[in-house]
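Q: We have chain A already, so just place chain B on it with the hints.
There are 2 protein chains.
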Amino acid sequence: MSEPITIALDAMGGDNAPHIVLAGANMARQRHPDLRFLLFGDSAQIEDRLRKLKGLSEVAELHHTTDVVKSDDKPSQVMRSGRSTSMRLAIDAVKDGRADGIVSAGNTGALMAMAILVLRTLPGIDRPAMTSFFPTMRGESVMLDLGANAVCNAKNLVQFSIMGEVFARTVLGAPQPKVGLLNIGSEDIKGTEPLRQAAQILRESDLPLDFQGFIEGDDISTGVVDVIVTDGFTGNVALKTAEGTAKLISVFVREAFRSSFAAKIGYVFAKRSLDKLRLRTDPRRYNGAMLLGLNGVCVKSHGGTDALGFATAIGVAADMIRQAVNRKISDQVAQIAGRWAEEKAQAAVS
Amino acid sequence: MSEPITIALDAMGGDNAPHIVLAGANMARQRHPDLRFLLFGDSAQIEDRLRKLKGLSEVAELHHTTDVVKSDDKPSQVMRSGRSTSMRLAIDAVKDGRADGIVSAGNTGALMAMAILVLRTLPGIDRPAMTSFFPTMRGESVMLDLGANAVCNAKNLVQFSIMGEVFARTVLGAPQPKVGLLNIGSEDIKGTEPLRQAAQILRESDLPLDFQGFIEGDDISTGVVDVIVTDGFTGNVALKTAEGTAKLISVFVREAFRSSFAAKIGYVFAKRSLDKLRLRTDPRRYNGAMLLGLNGVCVKSHGGTDALGFATAIGVAADMIRQAVNRKISDQVAQIAGRWAEEKAQAAVS
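From first to last, the protein sequence lines stand for chains A and B.
Residue 287 in this note's numbering sits at position 208 of the first sequence, and the numbers go up by one each step.
Residue 341 in this note's numbering sits at position 262 of the second sequence, and the numbers go up by one each step.
Same shape as in the complex, but just chain A (with noise of 0.2 angstroms):
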């Protein structure tokens, strides 16, 4: 058997800390048997919600806190005075090498900043990305960044081609994935002037990197990369669109089967399979953002999630840790770092 993998919740973070936190991480662990947990949170809401589910209670431990960061609090003070949450001890858990990940369902700015400031980034990377997956036509695609950094020079969005190649190779275990930029055309001329640097920069580089250059919003869906790489600003606005587009479609199709009355006869028939769809597009199947460039995992469950979505996150943070992303995202960088003369890459992209 593998070695167990040891991941720190912030029991406090999320619409419903830390009941789906609990939920979740005893679902997870029953299909991730070499899962172990340090859950950080207040004892007085969490102690008798763990001694009933049985299994976790033996596989977790519990650290006490009772300050912890309000979904309203702003980053830059939760920075400041926010060393005592239970989203910063679960963070130093990872730091201090007593955890392999950490997964908060909390303040989404306040995770990144604390993650970004206690972890630091991976040698080579100067900016993390949030990467999440994407429902396509062909399968998954993996997309970033989904909003941590609102504005991205040429050499962050290398960096992140690089980051997302790793992934989709290692955890979506495409053999050669495909790697696009997210633009409004495919011709050269199209873009921002980091997006065109950027693909310059992929194009004439020999990076062992299979980049497709520009894609468009409408690619995203159809599958034609594996790998999409745009700013935070982009990727934040593509990602709700999509989420905002899928729930608009489904109100139309359940009004089309409450119009009529053979409407609801067909749907009588047909509810098993469209029971399927919902389950094939169920956001909480695709829950869990990863903060990806940093030292240590660190994944992002939706603050309004329930336990399946809050488990599916922990699912990702173990795939992370076994699959060692971080590592061989270095490896590569550092790769690349050799092959690169200094001077060209400065040339290239200041």
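Honestly, the hints are just simulated from the structure, not real lab data.
There could be a bad hint or two in this list.
Which copy? The list can't say, so a pair holds if one copy fits it or any two copies do.
[Said to hold, decoys possible] Cross-link-like lysine to aspartate or glutamate pairs, in silico, EDC-like; alpha carbons within 16 angstroms at most:
#, residue 1, residue 2
1, 269, 152
2, 234, 205
3, 350, 334
4, 355, 334
5, 149, 94
6, 153, 266
A: Same frame as chain A, but now just chain B:
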């Protein structure tokens, strides 16, 4: 009866020109009996077809040219040497007052470049914005810019807000349109510098405009605002991501109905309602993006549309002309310019 409206058509623009242009004009004429057309294109390809469309030939005037803008022509090149193309001659007709507006399904970049060059922007408007409708849970919203300007400053975004508001009020008939700026969070500190500046101007000015602050990608389809303002890069990605997601979900739904015998039976019962739904989300119903902010009505049809879609685009142009949208935008801008102290505006945006 109202004054007749004359629309100049680039008969050679689009994947299936001139066929769908003529068929579309013929459909539009049946819906809008007050329409007249100037057709610009190759008479060898048009004359016979036109003769067969009796009703259309009575209200259309053919202007022969064999020169066309190809779909891969560069805008800069077309601006220099495209003076006798069907697209350019149609734009010239608006400039000279022979037509009230122009519709083309041709090369988007060339159309924007030539329309801006020939028609110029309205007084007080620095850049035009590609504008279109979006279906939402509450009806329809307007979004701009969808790709005319990859990079926008705060002043552009404020001007787009005014243009979008006037459009929603006059063409969509929203009594007091709500306006939102597309961002990656609703807090004041979120997003790029131009967005924060634009929000400040819209908030602090005494513009007669219901500014709702920042919205996020998933708010587009809920219809929480009537006008979504964004730079052309973000708007284009959001539009295409929404289109791609809608397509993905329809593929998933289709697969669900084929996945079992019961589901196939269900489909038979629900077919009528599902067909209606397809009609409701039919992209042809949303065809026709307005290039708002020019001295003249200019509508871009999707290049791959059919006659029905092209007729919709003509209808959009007719609505803009009937509602005198451009004059109302000018009035609004002039009113604001008068109200604002010039210094104040300068200080805020520079």
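Q: Each hint should be assessed against the structure and marked as holding or not.
A: Against the structure, the hints:
Taking the closest pair of Cα atoms, residue 269 and residue 152 come within 16 angstroms of each other only across two copies (14 angstroms); inside a single copy the shortest separation is 39 angstroms, beyond that limit. In this assembly of identical chains, the alpha carbons of residue 234 and residue 205 lie at most 16 angstroms apart only when taken from the same copy (8 angstroms versus 32 angstroms across copies). Proximity of residue 350 and residue 334 under a CA criterion of 16 angstroms is satisfied in both settings, with 14 angstroms inside one chain copy and 13 angstroms between copies. Proximity of residue 355 and residue 334 under a CA criterion of 16 angstroms is satisfied inter-copy only: 11 angstroms between copies versus 19 angstroms inside one chain copy.
Within a single copy, residue 149 and residue 94 get their C-alpha atoms as close as 10 angstroms, which meets the 16 angstroms cut-off; across copies the closest is 55 angstroms, which misses it. In this assembly of identical chains, residue 153 and residue 266 lie within 16 angstroms of each other by CA distance solely across copies; the values are 10 angstroms between and 41 angstroms within a copy.
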